[in-house]
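Go by the hints and put chain B onto chain A.
Each protein sequence line maps, in turn, to chains A and B.
Using the numbering used here, read the first sequence as starting at 39 and increasing by one per residue.
Using the numbering used here, read the second sequence as starting at 21 and increasing by one per residue.
Careful, some of the hints might be misleading.
[Said to hold, decoys possible] Stretch by stretch, here's where chain A covers chain B in the computed footprint (C-beta under 8 Å, at least three residues):
1. 22 to 35
2. 52 to 66
3. 92 to 104
Simulated from the structure, these hints should not be mistaken for laboratory data.
We put the beta carbon where it would ideally sit given N, CA and C, even for glycine.
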Amino acid sequence: MTISKVLIANRGEIACRILRACREAGLATVAIYAKNDTGTIFTELADESFLLEGDSIASTYLDQSQILEIARISGADAIHPGFGFLSERADFAQAVIDAGIQWVGPSPEAISKMGDKMTARITMRDAGVPVIPGEEIEETEEQAALLAIQQASHRVGYPLLLKASSGGGGKGMRSVDDPSQLESAAIGARREAIAAFGDGRVYVERLLTGSKHVEIQVLADRHGRTIHLAERECSVQRRHQKVFEEAPCATITPEIREAMGQAAVAAAQAVNYEGAGTVEFLLAPNGEFFFLEMNTRIQVEHPVTEMVTGVDIVREQLRIAAGEPMSCPELSIRGHAIEVRLYAEDAQNNFLPAIGPLSIFKAPEGPGIRLDTGVRQGDEVTPNYDPMLAKLIVWAPNRTEALEKMRRALDEFVVLGCTTNIRFLRELCDQQEVIDGSTDTTTIDRIWPNGWNPSVTEQQKQSALVVAATAESLGLGKVKLQVSAEQNGPVSPFQIISRRFP
Amino acid sequence: MKYQFKGHDEPFSLSKEDMAELLTDGRLLVNNKIAHASKVGDTWWIHYDGHTFQFELVEPGSSATDDDSNLSAPMPGKVLEVQVEVGQMVDEGQTLMILEAMKMEHKIIASKAGKITSINFQAGDQVEQGNELLEIEEDE
Numbered sequence: 039m040t041i042s043k044v045l046i047a048n049r050g051e052i053a054c055r056i057l058r059a060c061r062e063a064g065l066a067t068v069a070i071y072a073k074n075d076t077g078t079i080f081t082e083l084a085d086e087s088f089l090l091e092g093d094s095i096a097s098t099y100l101d102q103s104q105i106l107e108i109a110r111i112s113g114a115d116a117i118h119p120g121f122g123f124l125s126e127r128a129d130f131a132q133a134v135i136d137a138g139i140q141w142v143g144p145s146p147e148a149i150s151k152m153g154d155k156m157t158a159r160i161t162m163r164d165a166g167v168p169v170i171p172g173e174e175i176e177e178t179e180e181q182a183a184l185l186a187i188q189q190a191s192h193r194v195g196y197p198l199l200l201k202a203s204s205g206g207g208g209k210g211m212r213s214v215d216d217p218s219q220l221e222s223a224a225i226g227a228r229r230e231a232i233a234a235f236g237d238g239r240v241y242v243e244r245l246l247t248g249s250k251h252v253e254i255q256v257l258a259d260r261h262g263r264t265i266h267l268a269e270r271e272c273s274v275q276r277r278h279q280k281v282f283e284e285a286p287c288a289t290i291t292p293e294i295r296e297a298m299g300q301a302a303v304a305a306a307q308a309v310n311y312e313g314a315g316t317v318e319f320l321l322a323p324n325g326e327f328f329f330l331e332m333n334t335r336i337q338v339e340h341p342v343t344e345m346v347t348g349v350d351i352v353r354e355q356l357r358i359a360a361g362e363p364m365s366c367p368e369l370s371i372r373g374h375a376i377e378v379r380l381y382a383e384d385a386q387n388n389f390l391p392a393i394g395p396l397s398i399f400k401a402p403e404g405p406g407i408r409l410d411t412g413v414r415q416g417d418e419v420t421p422n423y424d425p426m427l428a429k430l431i432v433w434a435p436n437r438t439e440a441l442e443k444m445r446r447a448l449d450e451f452v453v454l455g456c457t458t459n460i461r462f463l464r465e466l467c468d469q470q471e472v473i474d475g476s477t478d479t480t481t482i483d484r485i486w487p488n489g490w491n492p493s494v495t496e497q498q499k500q501s502a503l504v505v506a507a508t509a510e511s512l513g514l515g516k517v518k519l520q521v522s523a524e525q526n527g528p529v530s531p532f533q534i535i536s537r538r539f540p
Numbered sequence: 021m022k023y024q025f026k027g028h029d030e031p032f033s034l035s036k037e038d039m040a041e042l043l044t045d046g047r048l049l050v051n052n053k054i055a056h057a058s059k060v061g062d063t064w065w066i067h068y069d070g071h072t073f074q075f076e077l078v079e080p081g082s083s084a085t086d087d088d089s090n091l092s093a094p095m096p097g098k099v100l101e102v103q104v105e106v107g108q109m110v111d112e113g114q115t116l117m118i119l120e121a122m123k124m125e126h127k128i129i130a131s132k133a134g135k136i137t138s139i140n141f142q143a144g145d146q147v148e149q150g151n152e153l154l155e156i157e158e159d160e
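Pulled out of the complex, with its shape left as it was, chain A reads as follows (with noise of 0.2 Å):
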């Protein structure tokens, strides 16, 4: 089956991304979107916008008849669901594929297998990968779940992580590290889990400690190959969410490479998976590595792997639904990249998420980097989605030159209007863990335990406030657009300033 018209059932900087892939391989797209998304840059990029009826996420990039009634209205021939939504919803894989449209991803019988982390598990430690210990709590009634979780506890032992069985993004989580946190941390766990995925279904497992998140990107095709494009290192978190990602990781040794590669291949073939897709793996200290979960979808931090192995991923997910052969070479690495992700998030205050306008968005230029963004200077920041605002990434020939780079890159990033993660992560650039490439997953929690906050000098802070007064002074804040005509000289500076979109 070929494809010509694909549907992207996604908002923002991921719809951004596959709809320009789209136009790249000369597919019509079409976008959805919900009311307070009209105007943002992915609705421009398509070939056709949908409004989508509705006020909540549920009805709008949640509602699958909906979305599939605007397949149907607009004649897509395939769906491509992003990552979030209902990307990893094995139930509207199969309604697509029941509507005679080619879903981009794998079955819907290999996301239900990976989805629920217990079938995953077992399915991983029969096809020869090892697992991590841990148990998954079936009891779906508070009081017994709560009584459940505590006698799994024994036998996984401390510390542990409680993680909601259908989730993903950090959202219910709680790492748990003595006996007397458990029933609260549960408790939430539950809660969380329940409000963002309909399923209080918790997963008890234990915490490695000192350990490397490593994970893998895997694509199959339906002639029988199925690769991996090497890994990709994750490790810098903060609240189980992932800021800090880069490929190569650090201090992979070639063998590591090679034993995780063969591991993620075999996961995939395990489930006849078909498309990209991520196996994700803790490791160890002395080297030993375990499965964690797979991604049944294109994931966040793809573009570094994008950068180093020279694959485009999206274009292989398209080429790969459309029933053709994927297109990649042998595998072969080239220098080092790196992804930061910019959040609308208040470091200093337990990284809570921020909202404003952005009354100014200028990101970085020069070789090398590249934005992946699903916004634009004039754009309010509001509480209704996650607070990711852009993915910056940058390659060099190696390493450390990478990193000169996106601390030069970090600097240039000027975001007003709305508060952001940027100066955390160009300090975050600085430490010595990073520096050295051995950060794990408690690096952030273990630089900053009592919290961050930005090292400003007195001098800069005076230098500030002198801006700001002479910004008041000379009226700079009240200028609208309308001035222009009468100015000389290039563009206005107030244009600029007070710059909306539709």
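For chain B alone, coordinates are given in the frame of chain A:
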């Protein structure tokens, strides 16, 4: 020219010779470094030397320091749980309320020890950013 910024005891006075230089594109030059400035509401957002600053202008003579006896909602969301009652004594750092925003839970923590004098929202209520959630009267 004097400007009173929130959180500063003294007004900031700026002489003509200390002023930053306005560049043609609206950016400002100070100490040979280029700064970006943008005003949102009463707050000046400044990017200077890799750092971002917020300076909120307040009326000259008005209370310049933050009143931290109130605990306000850091962002719009829903109250999931209220863990204290009016009249209850609480310790600094104690969890008072749990909010949900952007699908994540956030704890509202007591900024000081004292007595809860009012609770303005109950579990299930929607709150706007800046809403005063509860009040603590400091221990004497």
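Outcome of the hint check:
1. 22 to 35: Our answer is that it holds, as 4 residues pass the Cβ test (under 8 Å) against chain A, meeting three.
2. 52 to 66: holds (count 10)
3. 92 to 104: Holds, because 5 residues of the stretch 92 to 104 of chain B bring their Cβ atoms closer than 8 Å to Cβ atoms of chain A.
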